[in-house]
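First to last, the protein sequences are chains A and B. Going by this note's numbering, the first sequence opens with residue 950, and the numbers climb by one from there. Going by this note's numbering, the second sequence opens with residue 149, and the numbers climb by one from there.
Hints are computed from structural coordinates only; laboratory data are not their basis. By construction, the Cβ of each residue, glycine as well, lies at the ideal position given by its N, Cα and C atoms. Any given hint might turn out to be false.
[Claimed, not checked] Restricting the straight-line Cα-Cα distance to at most 16 Å, the calculated cross-link-like pairs of lysine to aspartate or glutamate (EDC-like) are:
1. A/Lys1163 x A/Asp1009
2. A/Lys1054 x B/Glu335
3. A/Lys990 x A/Asp1009
4. B/Lys224 x B/Asp206
5. B/Lys224 x B/Asp191
6. B/Lys663 x A/Asp1009
[Said to hold, decoys possible] Restraint ranges, calculated between C-beta atoms of paired labels, are given here:
7. A/Thr962 x B/His598: 17 to 27 Å
8. B/Gly602 x A/Thr962: 19 to 29 Å
9. A/Arg1060 x B/Met597: 42 to 52 Å
10. A/Ala1025 x B/Ser762: 38 to 48 Å
11. B/Ala763 x A/Ala1025: 22 to 32 Å
12. A/Ala995 x B/Arg582: 29 to 39 Å
[As the list claims (entries may be wrong)] Over 10 Å on every C-beta distance to chain A, these chain B residues come out as not near it, computed from the model:
13. Arg199
14. Ala449
15. Arg627
16. Ile637
17. Leu651
18. Asn653
19. Arg655
20. Pro733
21. Leu774
Given next are the chains, with one letter for each unit.
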Amino acid sequence: MVTRVLIVEDEPTFQRRLSEAVQADPQLHLLALVSSGAAAKALLDAQAPDVMLVDLGLPDVDGLDVIRHAARHRPACDVMVVTVFGDEAHLMASIAAGATGYLLKDASNERIAAAIHELRAGGAPISPGLARRVLAQLRVGHGANAGAPAASAPPAAPGASGEPSSPGAPASVDSPLTERETEILRMIAKGLSFDTVAGVLGISAHTVVTHVKKIYRKLAVHSRGEAVYEAGQMGLL
Amino acid sequence: MPARGRRLLHALAAMLPGLVAWGFAWDSACANEANLQRALRLDTARLVDRREPASPSDIVADRPDPGASAAASTLKLPTRVHRDDGNASAVFWLEIELPGREAMPPAPAIYLPRMNDGGTFYLNGAPVFSLPWSDALTRVRWRRARWFALPDALIQPQSNRLAVKIVNRDFLVDVPYLLLGERGELERAAEDRQWLDQYGSQFTGFTAVIVGGFMLAIWAARRREPLYLLFGLSSLLWAVRTLNYSVETMPTDLWWWWRGFHFLTVALATMTLAAFFHVFAGLSFRRWVWPLGLHAVAGPALVVASSGALHEAVYRFWQAPLFLFIGVALARLALWGRRTRSMEALVITIGALLAIALAANDYATVSGLLPVTRVYTLHLALPVLLITIGTILSMRFVQALRAAEDANQSLARRLAEKEQELAAHFQRLTEIERREASAAERQRIMHDMHDGLGAQLVSTLVMVERGAAPADEVARLLREAMDEMRLAIDAFGQADSDLQAALANLRFRMEPRLKAAGIALDWHSDEAFEAVRLGDESSLHLLRIVQEALSNAMRHSRATLLKVRYFVDHDTCHVVIEDDGVGLPADRRNAGRGLENIRRRAHALGGEARIDSSARGTIVAVHFPLPGAGAARPDRDRASGSVVALWPQGAPAHPAKAASPRQQ
Chain A
950 MVTRVLIVED EPTFQRRLSE AVQADPQLHL LALVSSGAAA KALLDAQAPD VMLVDLGLPD
1010 VDGLDVIRHA ARHRPACDVM VVTVFGDEAH LMASIAAGAT GYLLKDASNE RIAAAIHELR
1070 AGGAPISPGL ARRVLAQLRV GHGANAGAPA ASAPPAAPGA SGEPSSPGAP ASVDSPLTER
1130 ETEILRMIAK GLSFDTVAGV LGISAHTVVT HVKKIYRKLA VHSRGEAVYE AGQMGLL
Chain B
149 MPARGRRLLH ALAAMLPGLV AWGFAWDSAC ANEANLQRAL RLDTARLVDR REPASPSDIV
209 ADRPDPGASA AASTLKLPTR VHRDDGNASA VFWLEIELPG REAMPPAPAI YLPRMNDGGT
269 FYLNGAPVFS LPWSDALTRV RWRRARWFAL PDALIQPQSN RLAVKIVNRD FLVDVPYLLL
329 GERGELERAA EDRQWLDQYG SQFTGFTAVI VGGFMLAIWA ARRREPLYLL FGLSSLLWAV
389 RTLNYSVETM PTDLWWWWRG FHFLTVALAT MTLAAFFHVF AGLSFRRWVW PLGLHAVAGP
449 ALVVASSGAL HEAVYRFWQA PLFLFIGVAL ARLALWGRRT RSMEALVITI GALLAIALAA
509 NDYATVSGLL PVTRVYTLHL ALPVLLITIG TILSMRFVQA LRAAEDANQS LARRLAEKEQ
569 ELAAHFQRLT EIERREASAA ERQRIMHDMH DGLGAQLVST LVMVERGAAP ADEVARLLRE
629 AMDEMRLAID AFGQADSDLQ AALANLRFRM EPRLKAAGIA LDWHSDEAFE AVRLGDESSL
689 HLLRIVQEAL SNAMRHSRAT LLKVRYFVDH DTCHVVIEDD GVGLPADRRN AGRGLENIRR
749 RAHALGGEAR IDSSARGTIV AVHFPLPGAG AARPDRDRAS GSVVALWPQG APAHPAKAAS
809 PRQQ
């Protein structure tokens, strides 16, 4: 089955780069390439892409708006943020809005295609900085101290434990994450590669990235819940 | 509570005991024996005779003479008979009519409120009561009330006659009124009166000694406060004066000395009190000292020198001016108090006025202006003044102590305030320094990026424009520029950036690349190093060192294993990057820009870099002082010489290539 891809990018160079990468892969089909947020929303209303690649710096609207639009109207669509450096603050906002993947702009054509396939297969990319932020945000209730460095937590010992005592249970009262998920995040935060994490935990690298995607979903739900909570606090609801 | 209100309260508290004592004294003086309603007051007597006996034995032998009653003159009691021939013994005979048995109470008795002289009482010619009188050896001056029973056997049914023999040796003969009443009742009245006249005076003397001693003790500790000295002396003098009420008999030889001493203590007590009033008001007493001193000495001297001849004159005319002196001194104090609105002066004035009123009562009593049987009150009045002034002086003392304490406290408070200010200054200064340091650091980083990243981009641009560069070389150079930038962002581009996170990012980024180049990455950081925090600039230096070493290994080493070790040893941070490759190309060994950069950056960290390359691999070892660990010990590390010593677990510095697959 072919994956239909929507590209939302205003810069010609990367338009070309991204569309080339998609078109070069027989498993991918370029559904549309638009250069504005308004066009992206209109297209999302009309069509149902499987994957949307979106640049946050659009000329007309905030890229986050487009992501939220997609998450609301096309929940089956995987959203992938295109970013220069993988800047963590923006990525966190994107994930909260509903994105589950991100793509560095310097990635090769093969890497771009591979990332899309990975995302469709249920995996998601992550970096140590991002893992720290996720840990920080989900560990403390309501994100009051989301900016606190995750390093304040005791570092996980990657080689020390094979199996956590109860893999399905939440790591703490406040955190929606399971112990396994927390463990993975901690290892990644220390800079361990997916392969190494997989090796330590005795699971496949694919399972690791599947966990990551689940974590992103929780983060989005958590963030929405938080938004609802805050709106309630402000008397908006 | 406002200060004035509090002072008023203190003043009232100081006066209260004095007022109570005064009220008691005045009430006693006026109301004594008033409750003896059932007693018959005998206030009429007949003076039947006056005789000058030739010898003491004549006095003893003298008996009532019924026949002499015709020449009698009637006296209204109490009364005072003046004698011009004061110092010779004289016998005065009085007769008092008593009712018949029917009109007498059961167990009848006679009560004498005051009888200064000795003498004998005869009922119907028989002696029933006798008091010793002054003779050649002893002078008496009785101070207490007396009572004696009338023997039943001597009482006549119709009428009875009480004859009184008074033996006098003074210029005055005081005759009290008498009470005829029931014996028990009169006994109690006599006890009451004795309590007031004698025990009261003893209590006063005791109080005055205590207060005076206390004040003198304070003065001994604070010699510069004459108030305590004056008041202490005055108190002690008053204490001595009250002895007058307790000493009733005295050897005749010493009699006039004793009287002189009495007068002297009264005068000196008055004088010191007047001086006290002056000093209290801050007025000069100097010009009063001589006149008052002379006066104080003159009266007693005249009494002693004249052997009592001038006793009456001194008694009358020398004592009265003492009232004047103390009155003037008190008036000056009162005026000063009024001007300065001094509550203390007001209290002292009131206390002194009350005391003077009681003293005047005594003076009036002894000089015949008031009935001679009145209770003496000055000794009861003294506690008024003593307690009032004592309280005020004690309060002053306490206030002085408190003022000293307050001064200490305010000093301590001001010191604390200054310390706080200083701390705030210091904090501000630190903050400014920190901001300046941070600005300077940012400046250096921008400078560094300009020199590093900028130069790299420019050289790449030139290569591209010349058309001389192959595309992959350009891509590599640009990728390097991006890595450089990424490091900078990791190091200081984010609010929560820290060294450990940046190193993790670097590792995460480099590991796949190394893997793609066929190099396994063995990366280990010990616990102590994981706690290391560096500033933005230092973080960037360290990140660039590691990145440079990793890039070099990736490009040139053809290694299969790259070991990166971070550890802290003796307050020194160590970073060792070791590959099992072919070593650095010979022509670039010491000239490579990258290696030179590593050395420069290690130096910027306050440490050193050693680069050791051989055909078996390359080791880049960097050490720098642990931040916040105080003085680092680079000498010691330098002295350790070999890079081998840097491996904490004693692993070989140049692991054999054969061993590397096992590491994976």
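Okay, the hints, checked on the actual structure:
| no. | hint | result |
| --- | --- | --- |
| 1 | A/Lys1163 x A/Asp1009 | 31 Å, violated |
| 2 | A/Lys1054 x B/Glu335 | 127 Å, violated |
| 3 | A/Lys990 x A/Asp1009 | 12 Å, holds |
| 4 | B/Lys224 x B/Asp206 | 29 Å, violated |
| 5 | B/Lys224 x B/Asp191 | 6 Å, holds |
| 6 | B/Lys663 x A/Asp1009 | 41 Å, violated |
| 7 | A/Thr962 x B/His598: 17 to 27 Å | 26 Å, holds |
| 8 | B/Gly602 x A/Thr962: 19 to 29 Å | 22 Å, holds |
| 9 | A/Arg1060 x B/Met597: 42 to 52 Å | 27 Å, violated |
| 10 | A/Ala1025 x B/Ser762: 38 to 48 Å | 59 Å, violated |
| 11 | B/Ala763 x A/Ala1025: 22 to 32 Å | 58 Å, violated |
| 12 | A/Ala995 x B/Arg582: 29 to 39 Å | 56 Å, violated |
| 13 | Arg199 | 120 Å, holds |
| 14 | Ala449 | 99 Å, holds |
| 15 | Arg627 | 7 Å, violated |
| 16 | Ile637 | 6 Å, violated |
| 17 | Leu651 | 7 Å, violated |
| 18 | Asn653 | 5 Å, violated |
| 19 | Arg655 | 3 Å, violated |
| 20 | Pro733 | 28 Å, holds |
| 21 | Leu774 | 17 Å, holds |
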